[in-house]
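Let the sequences and hints guide you as you build the complete structure.
Heads up: the sequence lines are chains W and A, in that order. With this note's numbering applied, the first sequence corresponds to residues 5 to 547, in that order. With this note's numbering applied, the second sequence corresponds to residues 708 to 1148, in that order.
Any given hint could be a false lead.
Footprint (simulated), chain W over chain A, 3 or more residues, beta carbon under 8 Å [stated by the list, open to error]: (1) 786-793; (2) 905-914.
When the alpha-carbon atoms are kept at most 30 Å apart in a straight line, the in silico DSS-like pairs for lysine-lysine are as follows [to be verified]: (3) Lys892/A x Lys924/A; (4) Lys825/A x Lys398/W; (5) Lys398/W x Lys921/A; (6) Lys932/A x Lys892/A; (7) Lys470/W x Lys536/W; (8) Lys508/W x Lys750/A; (9) Lys375/W x Lys409/W; (10) Lys488/W x Lys788/A; (11) Lys498/W x Lys750/A; (12) Lys957/A x Lys932/A; (13) Lys190/W x Lys535/W; (14) Lys498/W x Lys788/A; (15) Lys750/A x Lys1129/A; (16) Lys788/A x Lys508/W; (17) Lys788/A x Lys398/W.
FYI, nobody ran anything at the bench for these hints, they're computed from the structure. Since the model is a prediction, treat every value here as computed from it, not as a measurement. Every residue gets a Cβ at the ideal spot worked out from N, C-alpha and C, and that includes glycine.
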Amino acid sequence: MTARLTLLGTRTLCCLLVAGCLGSQSRSQITDERPKTGAASIRDLGGYLPAETLLTAELRDAEAWLGELLALPDQLSGKAQAAARAGIAMGSIGLRGLTGSGPRDSVRDLAPGQVVFALVRIRQQVEPLLLSRLAPGVEIASFGRLHKRIPCAEVEGVLVIARTRSVLKDYLKWHRMKRPTLAEKKGYFSGRPELYPGAQLRLYLDLETLRERGSLDVDLEAAQAYFAAGWLDAMRCASRLDATLVWNAGSLRLAGQLNAPLDESISYLASGVEPYSMPPDPEGMLGRLVFDRSLSDFWSSFSPSKSEQTAIDAFLSIADLLLGTSFVDELLPALGEPLVVFAIREAVDGDVQSPIDIPGIALVAPIRDPKLVPILRSFVQRIAMIVSNERREKGLVPFGLRRGKTNRGESLWIAEPEEWRGPEPTPLACTLSPTFAIGTEHVVIATTENSARAMLDALASKPVMKSRGDGLQISMPGLLDYMKRNRPTLILNKVLDEGVTVAKAEEEQVFLSAVIGLFERLQVSIMHDDKKTDFEVRLGAGR
Amino acid sequence: MNTVDSQTHQSPLETWQATTANPFDLAKAGHLARRVAMGASLKVRRTMVRAGVEEAIDRLLAPGRGEDVDSFRTQVIAIDKVGALRDYRMWRLLAGRDRLRERMSFFWHDHFATSFQKVRDVGMMARQLEVFDQHGLGRFDDLLLAVSQDPAMLRWLDNETNVRGRPNENYAREIFELFALGHGKYSEEDIKAAARAFTGWQIRDHRFHDSRPKHDKGAKTLFGKTGPFDGADVVRMTASRPDSAQFLAKKLLEFFVHPEPAKDEITALAQCYTDADRHIGKTLSTLLRSRLFFSERAMRSRIHSPVDFVVCTVRNLGANAAPHALARAAAQMGQTLIEPPGVEGWPRERAWISSATWLLRTNFTADLLRGRGYHLQPILPPELSGGRAQDHLRLATEILVDGQVSDQSMTAIRHFLRETGKDDAATILRAVATLPEVQML
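What follows is the structure, given as structure tokens:
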């Protein structure tokens, strides 16, 4: 059985899980119904788990989930459909071999309601356990083959499955000794099941225990610290993480909460509590990444490592010289929050023949102090000139500087590569035209003139929205389109970086494309307030 | 040293024939695989033994079942990063389907050593390597002309600045000394004449450009002949000189046979090369089938360069590994592809081994076998995964050194295993990987 399941491969199983969640188009509407007769709740099953449990994950209604899973292939097409059918067939055969009946009957008998997966500490080891309450009148002893092949036992009508028979023995010993259980742990369930009452899958993670084991120690460099700030800080301070997975009508939503206020030392995140003005989406937007934090405050509070400090000092000495003023004290405070990075669809230029096709990237930030705009502009111009000269010295195509204007009169400073007259293909750098612009109280730095113009148009013509927190949004069809257009490059990168064969890389690309193709949009949001951090990941057709 | 058989007067390039006393065994198949294909899995080597020497060579010289590496060339050039080009070339050496062509491109990359450090143009470097791919097994005249007109070479040896009235002798000197004739086989007057002949060979728009106004059209005297020669004439006249045949024969023998070839061996191969109309592929076809190639003197007579070492180790294990990680490992051991240290190429043989690089090599193999850092798949060669413990030592030596281990090494391994009390396949393989024999090509 194990060998057969291994044959399925993790990707097939992953596909089944993701697509299974989506297979419920019309049938699975989330309801708030109570557990069925014969089923158990997490509180009930908590009485069968040790107090030292790191993680519990509760599937609310295994029978309903199975129904959706079995109907999954009809919702898919092509290779994904074939993979799903193969996976289900293998699983069914395996289950029949163990229980003597098909998937529906097996689940109805063995796990008619909740199924709880837990990572528990038994004899100083972290071990996985699977628990469910058997249907009334069902006894595990009547499933001879299951009992023989899988390390499982029945405890007061609860089915317990362990990784090995030795772990199961230890578990049963623990149960006989009546040591403290999770259900008895003070405050463990307080507020948890009520947090997301309709969720099909709930996950509770004990961060304090994880920290004790050193599993959350992370050491980040400057840029990483800036981007991951908030989230990591919350992980550092919170005692627990609660998450839920909800699927319905073709969408998947993972939402959760960390129960910790922000550390006061992370002052650059303080602004995250207040709503900010969000730059509007440009035409052809493929993705948006929002960082709601002050660059200036971050810089002043960050303690770099010794080696980083040397690099930072070197950069600052040059930056201050070029600026004629202080980069840290004068320039950075001129930029407000949020810092937003947009990926924008680029029109394909018929004259440029590059096998690599990347979207334009535009970085946008509000300007706090307009007096510093000329300094910023001059700084960018000088940097562009230095880079261009460096390229010329290295024998690379130099970038000429030119000034452009929008029809609204906004100025753009464009570093434009000389026309590529060498043999094909055109190097990637020659398809870029780094651009700096100021428009509607925002500074825009973009990889191409087109994306800078698209951003300026959006800033000028669309209303500014109020928003809060960090966020990521990706258009999945747009991402898929770029993946298709850059397929050979992506395959090559995978081959060179991971050592897989071309065939394997192609296969993975097909799988990834199939998964991405299932969704319309990916949205991630992280919001901090003075009590907690909320996060949400949505895959699907959107709100 | 003279290796012509004084009894039979056989040429060292006579075709080697397997006999009962001297069969085509795993050691010879491994030798062939290492020198031509940069290693092969034990399964492939055993198949070679079963097929016999003729068929094994024919299979190695024909494109095999590897990856279609050529189809990704435009992506590599467009990415425009030297790191990507380096990883790509490492991938070709590791998995390209035309094994001899990849090996020869590596040979020519060292022979016509050109570094990105000065050229600073990924496209130019990539195209120079493509010149080796295209002409590396063809006529040397064509290769030498293509290299002489290659933009990366024109920049590397300053022919960009070689114009009428102000000749730059750099390329002319190196084409004689390092690329085609060897030291002392030309005069200073020849260099001056050749430099004038190469005037006007420039780069325009990243391509070769023959600028006639910048070319010195006057008469030059080269190798005793006088005429209004241009660069193509110099290439033709140089490649056709007997000294060039001797020079190339020596280099090919050093690379494929022995680091110190004997005079008669060089003479024999030079003659073979001349008879083959200076065709490298035909010359190699004769050499690789010869008694000389399979002689005891040739077997494990060379020391792996870092690139040879990492590629050969992975291929002998029958595994896949990330080309990026392998290129980085080779660089740490002293050989950075696309960036040879100078116009003379990389150091050779014993220069590669020091206490530091020995440690790096041993750690590389250990990490590789643990599957750490190189994305190795699988971690254990299939031959060892199901074998019996008592067979593991024999199999491990066959995988890594074709079973050719000295008594001294075998005693050391057995002692080590006894001391540690371990006899699992991974430990045995790691122990065998530390043997000096593994460092020999």
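Hints, one by one, checked against the model:
no.	hint	verdict
1	786-793	holds (count 3)
2	905-914	holds (count 3)
3	Lys892/A x Lys924/A	holds (25 Å)
4	Lys825/A x Lys398/W	holds (8 Å)
5	Lys398/W x Lys921/A	holds (24 Å)
6	Lys932/A x Lys892/A	holds (16 Å)
7	Lys470/W x Lys536/W	holds (21 Å)
8	Lys508/W x Lys750/A	holds (22 Å)
9	Lys375/W x Lys409/W	holds (21 Å)
10	Lys488/W x Lys788/A	holds (22 Å)
11	Lys498/W x Lys750/A	holds (27 Å)
12	Lys957/A x Lys932/A	holds (27 Å)
13	Lys190/W x Lys535/W	holds (20 Å)
14	Lys498/W x Lys788/A	holds (16 Å)
15	Lys750/A x Lys1129/A	holds (26 Å)
16	Lys788/A x Lys508/W	holds (24 Å)
17	Lys788/A x Lys398/W	holds (13 Å)
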